[in-house]
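Spelled out from the first residue to the last, the chains are:
There are 2 protein chains.
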Amino acid sequence: MDQYIGKQSIKFTNPPSILGAGSIVGPKEGKGPLRDYFDQVLQDDLWGEDTWEKAETKLVKESMKLALKHANKTIEDIRYIFAGDLLNQLVATTFAIREFNTPFFGLYGACSTMGESIQLASMAISGGFADYTLAATSSHFCGAEKQFRFPLEYGSQRPLTATWTVTGSGAVVLGKQGQGPFVTAITTGKIVDLGITDPMNMGAAMAPAAADTLVQHFKDLGTSPDDYDLIITGDLGSIGNQLMKELVEKEGYYLHQGFTDCGIEIFDANTQDTHAGGSGCGCSAVTLTGYLLQEMKNDKYKSILFIPTGALLSTLSTQQGESIPGIAHAVVIQKYKG
Amino acid sequence: MDQYIGKQSIKFTNPPSILGAGSIVGPKEGKGPLRDYFDQVLQDDLWGEDTWEKAETKLVKESMKLALKHANKTIEDIRYIFAGDLLNQLVATTFAIREFNTPFFGLYGACSTMGESIQLASMAISGGFADYTLAATSSHFCGAEKQFRFPLEYGSQRPLTATWTVTGSGAVVLGKQGQGPFVTAITTGKIVDLGITDPMNMGAAMAPAAADTLVQHFKDLGTSPDDYDLIITGDLGSIGNQLMKELVEKEGYYLHQGFTDCGIEIFDANTQDTHAGGSGCGCSAVTLTGYLLQEMKNDKYKSILFIPTGALLSTLSTQQGESIPGIAHAVVIQKYKG
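For the protein sequence lines, the chains are L and S, in the order given.
Read left to right, the first sequence gives residues 9 to 346 (the working numbering).
Read left to right, the second sequence gives residues 9 to 346 (the working numbering).
Incorrect hints may appear among the rest.
A pair holds if it fits inside one copy or across any two, identical chains being indistinguishable in the list.
Below are the DMTMM-like pairs computed for lysine to aspartate or glutamate, each with C-alpha atoms no more than 20 Å apart in a straight line [as the list claims (entries may be wrong)]:
1) LYS184 <-> GLU70
2) LYS184 <-> ASP10
3) LYS227 <-> GLU84
4) LYS19 <-> ASP139
5) LYS15 <-> ASP139
6) LYS343 <-> ASP307
7) LYS15 <-> ASP276
8) LYS15 <-> GLU107
9) LYS15 <-> ASP85
10) LYS15 <-> GLU84
11) LYS305 <-> ASP235
12) LYS258 <-> ASP44
13) LYS345 <-> ASP307
14) LYS310 <-> ASP58
15) LYS227 <-> ASP85
Quick caveat, the hints were computed from the structure, so don't treat them as lab data.
Take these sequences, add in the hints, and give me the full structure.
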């Protein structure tokens with residue numbers, strides 16, 4: 009029974025249900041506009057560990073445990089974990105789950121990983137390969153700055169186009185049966201590279217990929233912006249958000265007020281000095297697992313188009329003069345089955 | 009229709025067919041025992057590029073093109089690419105496919121990536137999500153030494169437990185219909201960490217994960233070593249191979265002469281100075297796409313259990329005193345549907 013539709017999308021014959029979610033964020037995110045939505049806010053960036061990377065590992069492990077608890081499941085119920093993070097060789101994720109004894113698919117989609125993991129975790133269920141799956145991702149401001157940019161101790165000045173990597177981890181448990189919300193459709197992104205080379209302007213680098221996935225989503229499913237209460241990208245920030253709006257409008261789709269970006273929502277750019285907004289795998293992950301799913305429960309949203317965005321660069325590709333390819337994966341989350 | 013079986017395995021209701029494969033290797037691999045099986049052997053490690061990483065990107069792109077050609081398909085036929093590599097943020101893969109315009113799932117399973125990619129590419133087909141998928145991976149000796157170990161210019165002495173990262177890329181095109189060989193079953197690995205901390209002895213670090221997946225595979229499918237013409241792990245090398253044999257025999261399964269490792273087969277350790285054997289994502293990938301699939305055509309093998317193995321460390325995890333978690337993903341490839 010084929011479940012695919014159009015060029016890049018799937019409409020699930022048996023939409024998986026989101027059974028539970030977990031969200032943990034760092035202190036800065038805990039002072040932002042979404043602070044009351046998160047399960048847990050850390051008091052400091054190390055969380056009792058001796059390195060930032062070990063703190064990120066703990067974030068992943070604990071957000072997964074929260075998702076399991078809220079789903080009323082144990083790790084033994086989970087057939088597959090789909091997860092990854094920004095650290096080289098995904099060490100936050102792999103060290104987090106090494107005691108879990110659960111089959112694992114390691115993913116790298118940069119900051120689009122929450123989209124990638126939910127897509128594959130949903131396919132595993134709707135394809136008849138699992139009853140329960142877990143999808144998760146994380147990022148840590150200090151670890152990301154250290155790995156991708158400059159040592160924090162330098163106190164480097166950040167340009168206004170730069171975004172602020174979110175410290176946080178989000179996880180969801182998906183199930184074959186459940187009361188919803190449901191993952192009803194997905195559009196898998198392809199790599200789009202329009203030649204942006206400035207790693208301090210990732211919003212601009214990722215906007216064309218996000219626009220590409222969104223327009224393809226509308227075409228594949230025969231929908232328009234009016235079919236969703238909210239269309240929310242991952243971490244384009246304010247500059248990327250505006251660019252994407254223009255690109256999508258050129259294709260004939262007008263993005264009305266229900267269009268925003270997790271990186272815009274998670275920080276107050278005016279008071280929190282985060283410049284263009286939040287970013288990192290954790291940005292879209294905790295905005296979904298904290299804010300969006302809660303507001304779906306509250307009946308504010310019934311149909312969300314969630315589009316995490318990723319910039320597929322490395323320090324080495326930038327050093328070698330390469331541009332920054334982007335990718336974006338879209339996930340439709342609906343309160344009711346359709 | 010549930011396709012899973014036992015704790016960690018899937019027996020495909022509609023086994024995907026391997027329609028075509030591509031294999032390209034570096035000069036050293038081209039002097040090894042399997043030299044006549046590869047589609048292409050490079051004359052030098054740079055292949056006309058100005059960096060090793062760009063050469064690896066070219067390896068991925070060209071091995072994918074070869075797989076497509078041998079499958080008599082074009083990239084437009086492919087619904088999803090499942091791929092990844094060892095370089096930080098998977099830049100060999102992402103830069104290789106950025107012009108392909110194909111939906112992409114980025115994977116990181118260290119040297120188990122060929123197993124991970126074939127598993128997910130097969131699930132996508134048997135789950136009704138795609139007619140054609142592409143699975144691939146790569147590694148490059150020079151890029152891996154530079155990133156994980158020491159600058160080549162140091163001329164560091166390698167201990168006898170060390171393996172030699174294969175320069176090469178392998179790709180397969182999978183299809184819903186076809187004449188075989190078929191991917192009939194898979195067993196997805198979980199992370200196993202018995203506390204090995206020596207990054208120069210990765211065979212020992214990965215052997216417990218390989219043994220765990222293999223034993224679970226036998227239990228889930230109710231099979232034994234006698235059911236396969238060949239059981240071949242990814243890159244345990246000679247030391248890991250022996251360790252794994254002992255671990256599996258402790259569980260009551262005797263691994264007879266049809267048991268080996270891609271890292272043992274690809275180099276002649278006596279004359280090529282590769283110590284414990286070959287390793288890297290490319291090791292199992294090219295051994296499969298070059299040697300194994302060819303010998304299946306020649307009727308030497310009818311049923312192969314292929315188990316790529318990965319060590320989930322990073323330079324940072326080692327610097328922070330962590331041990332080396334391993335993972336192994338098993339894939340059953342059969343000449344006939346069963």
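Could you figure out if LYS305 and ASP235 sit no more than 20 Å apart (CA to CA) within one copy, between two copies, both or neither? Result: close within a single copy only, 19 Å intra versus 51 Å inter.
Is it within, between, both, or neither for LYS15 and ASP276, if the alpha carbons may be no more than 20 Å apart? So LYS15 and ASP276 fail the 20 Å test inside a copy (38 Å) and across (46 Å) alike.
Intra/inter-copy verdict for LYS343 and ASP307 if alpha-carbon distance must be at most 20 Å: within (8 Å within a copy, 54 Å between copies)
If the cut is 20 Å between Cα atoms, do LYS19 and ASP139 qualify within a copy, between copies, both or neither? both (18 Å within a copy, 16 Å between copies)
My question is about LYS310 and ASP58: at a cut-off of 20 Å on alpha-carbon distance, are they close within one copy, between copies, both, or neither? Cα proximity of LYS310 and ASP58: none, with 42 Å in one copy and 52 Å across.
If the cutoff is 20 Å on CA atoms, where do LYS15 and GLU84 land: within, between, both or neither? Let me know, please. Classified as between; 10 Å across copies, 36 Å inside a copy.
At most 20 Å between alpha carbons: which applies to LYS15 and ASP139, within, between, both or neither? The answer is between: 12 Å across copies meets 20 Å, while 27 Å in one copy does not.
20 Å Cα threshold - placement of GLU107 relative to LYS15: Between copies only: 17 Å across chains, 39 Å inside a chain, cut-off 20 Å.
First find the shortest C-alpha distance between LYS184 and ASP10 inside one copy, then the shortest across copies, and answer within, between, both or neither for a cut-off of 20 Å. The answer is both: 18 Å in one copy and 11 Å across copies each meet 20 Å.
Within a copy, between copies, both or neither: which one fits LYS258 and ASP44 at a CA-CA cutoff of 20 Å? The answer is neither: 37 Å in one copy and 53 Å across copies each exceed 20 Å.
Treating 20 Å as the Cα threshold, decide for LYS345 and ASP307: within, between, both or neither. Cα proximity of LYS345 and ASP307: one copy only (15 Å, versus 50 Å across).
Within, between, both or neither, where LYS184 and GLU70 count as close if Cα-Cα is 20 Å or less: Neither, since 24 Å and 40 Å both go past 20 Å.
Consistency note: the structure conflicts with the earlier hints numbered 1, 7, 12 and 14.
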